[in-house]
Every structure is written in structure tokens, then in C-alpha cells.
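Asker: Whole structure, please, built from the sequences with the hints as guidance.
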Amino acid sequence: MNMRPARKEKVLKCFYITLLSFLLIVASENGLAQPAAIEDTTKVISDIGRIESPESSSSAYGFQELWNQSDLVARITLLILLGMSIGTWTIFISKYIEQINLSAQCKKINSQLAEKLDFNALQEKIPESSSVGLLIKASLDAKNDLETIKGVKNDEDWVVNCIQEGILEFELKLHKGLTFLATVGSTAPFVGLFGTVWAIYHALIKIGLVGEASLDKVAGPVGEALVMTAIGLAVAVPAVLGYNWLVRRNKVLLRNISSLSNKLMFKIIMRQTI
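With the working numbering, you'll find the sequence shown wraps up at 915, consecutive numbering, no jumps.
Please keep in mind that the hints were generated in silico from the structure rather than gathered at the bench. The beta-carbon is built from N, C-alpha and C at its ideal position, and this holds for glycine as well. Each hint should be verified, as a subset may be incorrect.
Straight-line distance between alpha carbons at most 35 Å, and here's what the computed DSBU-like set of lysine-lysine pairs gives [as the list claims (entries may be wrong)]:
(1) K892 to K817
(2) K749 to K892
(3) K749 to K817
(4) K749 to K847
(5) K847 to K904
(6) K748 to K814
(7) K847 to K892
(8) K892 to K904
(9) K847 to K748
(10) K814 to K892
(11) K748 to K892
(12) K748 to K904
(13) K749 to K904
Across the chosen pairs, the derived CB separations fall in these ranges [as the list claims (entries may be wrong)]:
(14) N802 to A875: 45 to 51 Å
(15) I717 to A875: 16 to 22 Å
(16) L713 to L834: 17 to 23 Å
(17) N903 to I717: 50 to 56 Å
(18) I717 to E812: 33 to 39 Å
(19) T731 to L895: 31 to 37 Å
(20) K847 to I741: 22 to 28 Å
Answerer: Right, dumping it as C-alpha cells:
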């Protein structure tokens, strides 16, 4: 009879110890799982925030971020492309204005050719520094030479040679600056391609230093590479289009000048000037 209470006490101790051990295991498991759950929840919330705020994600990779993430070589490449673009538009606008002025001057000379031609009055209206002014000066020199040297043989050839020199000077001045447009149109895509290759190389170096190819580590350099290509094309396309358009307009002007020079030669040879 005395053994039963002792046995009951021993059984109760084993039960309490087992229950306490179970509670400790459950508590420890809940304690370890809670930070992981909180971390997963935080990550999901941050991902949702990124998706719901496109303005912050788009502004993170703008031109300012591109410049900040670029190294010295990439920045020099960007400055070269910027200089090409500024030079292209400057030459295009200046040549277009020059062509408009030349067309107006040609019309002015044609109106004078309908009557007796006064070279002195015409030279006052058209400055000698202009391309048409060079042609007028050559014609005036030929006229003065014929009046000074009486009875010169082959006077027609003399007049033709003088005016042809004026046309050559006119043509050289008309094509001035177009070589730059042609150079930009042919080289700007390759400059942009160089920037792309260098940016990809830069991105690979970053991946190697970080040790992981996460999006936030490589998105900047990869975006830099793509933007370099786009900038190169954006510089080259206006240069090519502007070059072709200006060359076509120059051909029209040269045709008008050729017709105008023939009329001037006829006027000088026939001595129909005042």
C-alpha cells in the first residue's frame, strides 16, 4: 500500500517533465519562425510598394542617374556625342539661312539682267563676302580687263575662265560645313556603340565585385548601355537627313548659278553693260 503513492508521484513527475518539454519546444519553434515571417511580410510589402509607385522606379534611372553612374570614359563619350549634336544643328541652321539668302540674291541679279546691267550698283547691293558676290566680282574683273586691254584675242575664253573661277569659289563656299555633317552621320552610331560596349563591360565588373547578378546592381549600367546606343542614333539620323537635304538644295542653287553665269558672260561679251 505504501508503494502506490510513490508510484503515482513518479508518474506525475514524468508527465509534468514531458509537458514542460513539449511547451518549451513549441515556444522555441514559434520564437524562431516569427522573425522569418516578419521578414517575408516586410519583403512582400516592399515589393508591393515598388509596383504601386512607378514614379520612384522610373526616376531612379534618368539622365542624372546615368551621368552619376558613368565613369570617365562613358562621360567623355557622352560629351563627344553632345558636341556632335550641337555642331550638326548649328551647321544645318546656318547653311539653311545661307541658302535662303543666296536664292534671294540670285533673283535680284536675274531682275537686273532683264535690263542693262550696272555691275557697280549690283556690287553695292550684294556684299562681296557672299557666295554670289564672288561671282559678281569675277564678272566685274573680266569686264574691266576687256575694257582695259583693247583688241585682246580670245576675249570670250578670257571671260569664261574668269567667271568659271568665280563659280568654283562659289561651289567651294557652298559645300563648306557639309563634310562635318557627313562625318557625324557616319561615325556617331559607332561612337554610341563604343559607349554601349564600354557600359556592358562596366556592368560586368560591377557584377564581379558584388558577387551576385541582382537587378539593382546591373540595371544602371545596362540602362546606360542602351541609352548610349539611342543617343548615337539620335545624333546620326538628323546629320544624315540634313546632309542629304542640303546637298539637294545646293544642286538647285548651282544650276541657277550656272544659268546666271551664262547670262553674265553673254552680257559682258556683247558689251551690253553701262
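Asker: Next step is simple, just say for each hint if it's right about the structure.
Answerer: Against the structure, the hints:
1. Restraint check for K892 and K817: satisfied, since their Cα atoms lie roughly 14 Å apart, inside the 35 Å limit.
2. For the hint pairing K749 with K892, the CA-to-CA distance comes to about 19 Å; that is within 35 Å, so the pair holds.
3. Distance hint between K749 and K817 is fulfilled; the C-alpha atoms sit about 24 Å from each other, no more than 35 Å.
4. A distance of roughly 66 Å separates the Cα atoms of K749 and K847; the hinted pair therefore is violated under the 35 Å criterion.
5. Restraint check: the Cα-Cα separation between K847 and K904 comes to about 71 Å, which exceeds 35 Å; the hinted pair is violated.
6. For the hint pairing K748 with K814, the CA-to-CA distance comes to about 19 Å; that is within 35 Å, so the pair holds.
7. For the hint pairing K847 with K892, the CA-to-CA distance comes to about 53 Å; that exceeds 35 Å, so the pair is violated.
8. This hinted pair checks out: K892 and K904 have alpha carbons roughly 19 Å apart, not beyond 35 Å.
9. Among the hinted pairs, K847 with K748 is inconsistent with the structure: their alpha-carbon atoms are about 64 Å apart, more than 35 Å.
10. Distance hint between K814 and K892 is fulfilled; the C-alpha atoms sit about 13 Å from each other, no more than 35 Å.
11. A threshold of 35 Å between alpha carbons decides the hint, and for K748 with K892 the separation of about 16 Å falls inside it, so the pair holds.
12. A C-alpha spacing of about 13 Å is found between K748 and K904, which places the hinted pair at or below 35 Å, so the restraint holds.
13. Restraint check for K749 and K904: the C-alpha separation of about 14 Å stays at or below 35 Å, so the hint holds.
14. The given range of 45 to 51 Å is respected by N802 and A875, whose C-beta atoms sit roughly 47 Å from each other.
15. For I717 and A875, the hinted distance range of 16 to 22 Å is satisfied, since their beta carbons lie about 18 Å from each other.
16. The supplied range of 17 to 23 Å is met by L713 and L834, whose beta-carbon atoms lie about 19 Å from each other.
17. Against the hinted window of 50 to 56 Å, the Cβ-Cβ separation of N903 and I717 comes to about 52 Å, which satisfies the hint.
18. Separated by about 37 Å at the C-beta atoms, I717 and E812 satisfy the suggested range of 33 to 39 Å.
19. At about 23 Å, the CB distance of T731 to L895 disagrees with the hint of 31 to 37 Å.
20. Evaluation of the 22 to 28 Å hint for K847 and I741 yields a failure: the beta carbon distance comes to about 52 Å.
Violated hints, listed in ascending order, are 4, 5, 7, 9, 19, 20; each of the other numbered hints is respected by the structure.
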